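With chain V fixed as given, assemble chains B, S and U onto it according to the hints.
Residue numbers (our numbering), protein chains in the order written: chain V, 25 to 329; chain B, 25 to 329; chain S, 25 to 329; chain U, 25 to 329.
Since the hints were derived computationally from the structure, they do not count as laboratory data. It cannot be assumed that every hint is accurate.
Derived lysine to aspartate or glutamate pairs resembling EDC-like cross-links, with alpha carbons at most 20 Å apart [said to hold, decoys possible]: (1) B/300 / V/312; (2) S/300 / S/44; (3) V/197 / U/180; (4) B/197 / S/312; (5) V/300 / B/180; (6) S/300 / U/312; (7) V/300 / B/27; (8) U/203 / V/312; (9) B/176 / B/314; (10) U/300 / S/149; (11) B/300 / V/180; (12) S/203 / S/180; (13) U/300 / S/28.
As the structure is a computational prediction, the values presented were derived from the model and not from experiment.
Listed here are the chains, written in short residue letters.
4 protein chains.
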Amino acid sequence: MLDETTNGVFTIAATPFLPDGALDFDSIDRMIDAYVEKGANGLTILGMMGEAGKLSAAESVSVVRRVTSRCTVPVIVGVSAAGFSAMTALSNEAMDAGAMGVMVAPPMGLRTDAQIISYFHNTADALGSIPFVLQDFPLATGVQISASVALKIVEDCPTCVMLKHEDWPGLEKITELRKASDAGSRRISILCGNGGMYLLEEMLRGADGAMTGFGYPEMMRQVLTAFLAGDIERARDIFDAYMPMIRYEAQPGMGLAIRKYSLAQQGVIAHPTLRKPGAGLSALARAEIDVLAARQRQRLSELGL
Amino acid sequence: MLDETTNGVFTIAATPFLPDGALDFDSIDRMIDAYVEKGANGLTILGMMGEAGKLSAAESVSVVRRVTSRCTVPVIVGVSAAGFSAMTALSNEAMDAGAMGVMVAPPMGLRTDAQIISYFHNTADALGSIPFVLQDFPLATGVQISASVALKIVEDCPTCVMLKHEDWPGLEKITELRKASDAGSRRISILCGNGGMYLLEEMLRGADGAMTGFGYPEMMRQVLTAFLAGDIERARDIFDAYMPMIRYEAQPGMGLAIRKYSLAQQGVIAHPTLRKPGAGLSALARAEIDVLAARQRQRLSELGL
Amino acid sequence: MLDETTNGVFTIAATPFLPDGALDFDSIDRMIDAYVEKGANGLTILGMMGEAGKLSAAESVSVVRRVTSRCTVPVIVGVSAAGFSAMTALSNEAMDAGAMGVMVAPPMGLRTDAQIISYFHNTADALGSIPFVLQDFPLATGVQISASVALKIVEDCPTCVMLKHEDWPGLEKITELRKASDAGSRRISILCGNGGMYLLEEMLRGADGAMTGFGYPEMMRQVLTAFLAGDIERARDIFDAYMPMIRYEAQPGMGLAIRKYSLAQQGVIAHPTLRKPGAGLSALARAEIDVLAARQRQRLSELGL
Amino acid sequence: MLDETTNGVFTIAATPFLPDGALDFDSIDRMIDAYVEKGANGLTILGMMGEAGKLSAAESVSVVRRVTSRCTVPVIVGVSAAGFSAMTALSNEAMDAGAMGVMVAPPMGLRTDAQIISYFHNTADALGSIPFVLQDFPLATGVQISASVALKIVEDCPTCVMLKHEDWPGLEKITELRKASDAGSRRISILCGNGGMYLLEEMLRGADGAMTGFGYPEMMRQVLTAFLAGDIERARDIFDAYMPMIRYEAQPGMGLAIRKYSLAQQGVIAHPTLRKPGAGLSALARAEIDVLAARQRQRLSELGL
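Chain V on its own, in the form it takes in the complex (with noise of 0.2 Å):
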């Protein structure tokens, strides 16, 4: 179950389709090997990046069942959802799946700190005893949530042990909260998105690991896993290899489909398709990240990776 230990490589998994916008449930299976192939300690499933916005009711459920059965570990599912009747029958059927925990991101419109407080406190209160995440993404959501609010809510409600951040900037979030468990307050999970532009830095600032879908998923295992073993140095040169691909991915509106075009690439899954209205790559945007990752793999290899 998910709980405030929870660490690692939560990678935030695509949701493959046909050409014709169909889900490609094939490609589902060969994608969940290749993540915890490529080190992933968890998934996260039906993210904004899983497109989980486009799927039906019907078809959310669909994920979360192939996914669960067939992966060999833990499963977050996204549950955000405009309303408290959609977000609880998809939670109830993601932990009868066997998922370990739901995240929840705030709707876009909440504003003061209160309404933002309440918004959890209700989102807590309809989940039950169902653990979540609050992922907290301005940039997509709209809603700036202070390190204090963070706080509250951490406070007010016991079922809310994981922090996606991807505030941005946020390395002083970090400080903040991990300066407040240090004082007492009840330490949860931090886990970092934002396509881990600034994972080095939020792992030295205090996070317990990477959560966010970058297109060479392996990159978060392999700063961690020297990170971890204390070799700083090395991480920094393995982050920095990644780092123009990073970057590029990070154009906003685009990073699923310059993801998804390097999965395919790679064979992780058998087409790089967005479902409409989702925006495809032009032959430019397509061969700039052949480039990025040719000077990529000659610099991993360098590093002897």
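Just chains B, S and U now, with coordinates in the frame of chain V:
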């Protein structure tokens, strides 16, 4: 079937709940009957005011079926969704259940003209032959659709047959659209929302009726009847009698709670309950509404209503 | 000097321009006289409705001096600016010219409670001993100030002596603030804006008056006079007589053009000109206003006004 | 004079302050000399990164005069303002002082294509014969300018001669604009911002140079020199060496503090002070920068730089 000639009063229906948050089907029945009795030419269900986002997919279908099986006037179903799979699934259920058409608001986040046009191209593709209402409600969606963009959508998408007009300010937009159709573009139906706050001016500018959810839905019928009979002064007198209440309902985020309170006070629904995270009304607010309602009755009785 | 006891009608003054966009100082004089004659207890200049952002720094100073040298009632000067240097420079000019205080709206972009509080700490520091009005106008600024944040600013900043209240909905906020001052927090003045749309309810909730810029500024005086005399029914009758016009002015982005048109029709200013990029009114809109004005005169005459 | 052929490296200049917040004119002098020595073909002052909004009108003029009197390369002056009076006043001062042109970002709040086009029509009218840079920076302004809108402005406004490109993602926009000019539309200069994060891809897509304010401004010069010499691999090697720092600077709202810290560490300016309400850096952040700077020096030395 919904088409460009559809007109009159389409009442936006609330979704009644029991005090514990469950759907209140008995109140749905009573409410439908009341709306029709108060002069609705049609109903629109599962709009924003119908708390559509708070229903699970299964609940949405059950509401659609209950309403269409009972209702003696045509029904339009709001099917706005984060993705086309959910939109299509609900649209097909609605049409199968006997709806006359569906209504689609653009998702938050669309910004440029090209993005908006592209979204409705995709919508029309996804809906196939189902006729749809374009809901233009920038205060809620953040999406600003200029008249030229609306006209482009009308030009490109033959199944877009009605505009739910609630841009604010929006009077000049009606005039622009009517000038364009006078000059040869396809003339679609324009029904106006915004709680009726500009209903009289909107009719004078060329609207075909109202589609909104005021707590005293007979207002739209009474104003339109006088207006269509050519008695503009009487239409204004009636309109002005309701104006203090229309204005009170116009408080953003509170309108639905006010309407449900008014409907419950009139016995149209059993409970004023909003689903979480909906806000209830304070005792002071309820008292304010009571005063406005009493003065409204007085002024209407002076008008013989 | 502006303080916590300041109350009554503070009319938000327009800034009159000649048809070529130059400042119209003759109209400034006439307008000031008219506002006072129509019952203003004070004026507020260079607010958003005063097109303050469209004036150069030198023009702002010239307007301040012209108004303060002529005006027989106290003057508050809007000094909101992107930075504290510009704010301080204008504030000092205003106080030197005899203003009673200044008004500050938060800049767009503030989001969390902590950011808002910090901004007003800095504001109070920058203004030194100058008393200021906190302008709370989320529809224009995008900044949502909860009651608890307002109370914190009041607690921390002794020079914050008045709230210009135009949150929407905002009635509960007045009640919350008054409950807090009843319980011992410093009671500041609350004057209400939003074109007067909820003036009567606001007074009943505990406001101290109006600060807004309706095109018939005698409305605020007449409503307050009846209200303060305890004749609430007459206050409502007067309020309702103006309601259709209040509502028409409430169209966002058009309010100032409507007010300037009304003021010019009444001979208060010479020209309805807005500076670019301000929008003018169409012939249809002017005709709509004329009809509303005629009916308004009729209803007021029935009330002996 | 600024025109469509202007190209190369235009460094966005910081505005140095003393610890008490006063302008630091000695540092202005030193900084200008350093920028030119590090390879700037021109400077851009009073941009967003120049804390322009925090200067009073008089201070802005004094900065313009100091820079233009000292600087041996052309100067562009940011003149974005809430109104055209302030914009025109500063533009005239700038041109009188010897600036080569001005830069204008659209005000927050513009939404539809028509609103944006109209704003720049008015801008061009207000500026008369002064050539201007259109600053396209949606992350800061919230205004999304599609390629077709940019092209319409270029078509309608002959004095719009340069695009400061910092849309994000923005690579396809460069390609679209270049395709349009290849097809006959007027070709304007495109200089790229965003801290240089996509500089190499931008040059390959057809940009004419960089206009940004990275803390090691020689980066732009070094990358462009290699690029223009046709040695793309060396350009990439240099670019990648700076990438971890570019990424660190990309933290929104912190970039300027990071740059000023880096400039102060290099002795380019005396103090890293930001004017209130600017945020300073924590000790942890400064240490993170120091580590990145040391590794950057090492990698550059391996490249013979």
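(message) Against the 20 Å threshold, does the CA-CA distance of residue 203 of chain S and residue 180 of chain S hold or violate the hint?
(response) holds, 18 Å
(message) Checking one constraint from the list: CA of residue 197 of chain V to CA of residue 180 of chain U, max 20 Å. Satisfied?
(response) Violated: residue 197 of chain V and residue 180 of chain U sit about 47 Å apart, past 20 Å.
(message) Holds or violated: residue 197 of chain B and residue 312 of chain S, Cα atoms, limit 20 Å.
(response) holds, 15 Å
(message) Between the alpha carbons of residue 300 of chain U and residue 149 of chain S, is the straight-line distance 20 Å or under?
(response) OK: residue 300 of chain U and residue 149 of chain S at ~11 Å, within 20 Å.
(message) For a C-alpha distance cap of 20 Å, please report whether residue 300 of chain V and residue 180 of chain B respect it.
(response) The hint holds at about 18 Å.
(request) Verify the proposed pairing of residue 300 of chain S with residue 312 of chain U, using a straight-line Cα cut of 20 Å. (result) Violated - the C-alpha atoms of residue 312 of chain U and residue 300 of chain S are around 47 Å apart, more than 20 Å.
(request) For the pair supplied as a hint, residue 300 of chain V and residue 27 of chain B, confirm whether the alpha-carbon distance does not exceed 20 Å. (result) violated, 27 Å
(request) Below or equal to 20 Å on CA atoms is what counts here, so check residue 300 of chain B against residue 180 of chain V. (result) The given pair, whose Cα atoms are some 18 Å apart, holds under the 20 Å limit.
(message) What's the verdict on residue 300 of chain B and residue 312 of chain V, does the C-alpha distance respect the 20 Å limit or exceed it?
(response) violated, 47 Å
(message) Please verify whether residue 300 of chain U and residue 28 of chain S have alpha carbons no more than 20 Å apart.
(response) violated, 28 Å
(message) Would the hint linking residue 300 of chain S and residue 44 of chain S be met if the CA-CA limit is 20 Å?
(response) holds, 10 Å
(request) For the pair we were handed, residue 203 of chain U and residue 312 of chain V, check the Cα-Cα distance against 20 Å. (result) holds, 18 Å
Checked against the numbered hints given earlier, the structure breaks hints 1, 3, 6, 7, 9, 13 and satisfies all the rest.
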